[in-house]
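Could you build all of it, start to finish, from the sequences and the hints given here?
Same order as they appear, the protein sequences are chains A and B. Oh and the first sequence: position 134 is 134 in our numbering, straight run, nothing missing. So our numbering is basically just the index in the second sequence, starting at one, shifted up by 217.
You may find that some hints are simply not true.
Rough simulated footprint, nothing fancy, chain A against chain B, three-plus residues with beta-carbon under 8 Å [as the list claims (entries may be wrong)]:
id, segment
1, 226-238
2, 248-256
3, 373-386
Read the hints as simulated data drawn from the structure, not as lab findings. Backbone N, C-alpha and C fix where the C-beta goes; we use that ideal spot for every residue, glycine too.
Residues per chain, in single letters:
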Amino acid sequence: MSEQVQKESMFSPKNIKLLTDPIGKDNPITVQVLGICSALAVTAKLEPAIVMSISVMFVLGAGNVIISLLRNTIPQRIRIIVQLVIIAALVILVDQVLKAYAYDVSKQLSVFVGLIITNCIIMGRFEAFSMANKPWPSFLDGIGNSIGYGMILVIVAFFRELFGSGTILGWEVFKSIGLYDLGYVNNGFMILPPMALITVGIIIWVQRSRNPELIKE
Amino acid sequence: MNTNSNTYIFIYASVMVIIVAAVLSTAATLLKDRQLQNVKNEKMQAILASANIESTPETAETLYNQFITEEWVINQTGEITDSYKASTFEIGSQRAFYLNLKTELYRKSKGEEFYSPLFVCNVEGETYYIIPLLGKGLWGPVWGNIALKSDFTTVKGVVFDHKGETPGLGAEIIFPAFTDPFVGKTIFDEEGNFTSIKVVKGGAKILPANQQIHGVDAISGGTITSNSVNDMLKDCLENYVSYIKSDK
Chain A
1 MSEQVQKESM FSPKNIKLLT DPIGKDNPIT VQVLGICSAL AVTAKLEPAI VMSISVMFVL
61 GAGNVIISLL RNTIPQRIRI IVQLVIIAAL VILVDQVLKA YAYDVSKQLS VFVGLIITNC
121 IIMGRFEAFS MANKPWPSFL DGIGNSIGYG MILVIVAFFR ELFGSGTILG WEVFKSIGLY
181 DLGYVNNGFM ILPPMALITV GIIIWVQRSR NPELIKE
Chain B
218 MNTNSNTYIF IYASVMVIIV AAVLSTAATL LKDRQLQNVK NEKMQAILAS ANIESTPETA
278 ETLYNQFITE EWVINQTGEI TDSYKASTFE IGSQRAFYLN LKTELYRKSK GEEFYSPLFV
338 CNVEGETYYI IPLLGKGLWG PVWGNIALKS DFTTVKGVVF DHKGETPGLG AEIIFPAFTD
398 PFVGKTIFDE EGNFTSIKVV KGGAKILPAN QQIHGVDAIS GGTITSNSVN DMLKDCLENY
458 VSYIKSDK
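Structure follows, in structure tokens:
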């Protein structure tokens, strides 16, 4: 028998789990309760929520790979600083590219792109995963977590924009189905940050009631 | 190798910082021209939009050169100190387009000498005067342009923009629901006194009947942003009063 360890396939069940777990039972927002601040800040409208999710996906995917490649060279004592420098560099890069090639989008996101730096999901994944794993699983973990994050952002933004402004991606849904003529009024409270927290709370409630694994004894 | 020795940490940190600096400055240098062009296009689009001329980032420069026929710089006493027309300077050497409004307003607040830009727009035989606006919002700066008809008092159109006002609340100042009511309002009353345009919480209808022509509705839930638009209009428009009066 050959001594060589059989190479793990790129999409082995273990790797697929890295991608799917954060979407469901290990979701960064609803289960790990990370990245809540940006979930409150960018979800009043759907479009910024989507662009924010894509930006986080880029930063987390690329950052996880870079950290994973460097993991054996990073001195333990300054690892947090190294991680921060890498996140900051990637975020500035995203910001610069958006400003040059997608100026309108960059204007909409304004300060939120910079706030990716403070998103605890990113530092959390660097510390918990990519510092100890190979680049490919780290990449999958990054993408999985950012999808899990983005999914919640999009769901929350969908309901907040729909009930708060009566629109979806700026398209006036309630007006076109004639709901206003029946006396409906937009709920201004949906646009305010507390409703984001309540919406996230409802999602957590639904998720826990459907998944007994998540209920703590 | 001992990755925890001080020497290693120093070298590691220095190399990392230098690499990151090199990557970022290269990116910034390469993208700078495009970014500046985007900012310039946006400024031109905003100036054109206040006179109801639609443009895209691609057509902004062509349309700007076509419709904005003159750029003036006006001093406190209402004299034109610089005039730029058809790519040449008739007076002075400062283009109003490149005048930094923020610096000028800062000088004004310090009681120093300051200058104000004014754009002359000619569309289908009509002349409009476009005044750039800049003020402080709730979370960051708010700015815009207001186009006045040739009588220098009736509003032809107005556009606003902001850095980071609250989405759904203060950020609504950019939408027609807020900006459309400005059209047809006047910044001088019948006696020729400067009134600016007031952004009124509770709606312009609560003003006395003869004042309603100088007021528009504020945004509910966006009171601080509405107030800052109100202050911005007053602060910026009043700089032109002496010029407008001397012109009349």
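Next on the checklist: Please verify the coverage claim for the segment 248-256 of chain B: does it have three or more residues whose C-beta sits within 8 Å of some C-beta in chain A?
Outcome noted: holds (count 4)
Item to check | Outcome, coverage hint (the segment 226-238 of chain B, chain A; C-beta under 8 Å; three residues) | outcome: The restraint on the segment 226-238 of chain B holds, since 6 of its residues have a Cβ under 8 Å from chain A and three suffice.
Next on the checklist: Taking beta carbons only, do three or more residues of the segment 373-386 of chain B come closer than 8 Å to chain A?
Outcome noted: holds (count 6)
Checked against the numbered hints given earlier, this structure breaks none of them.
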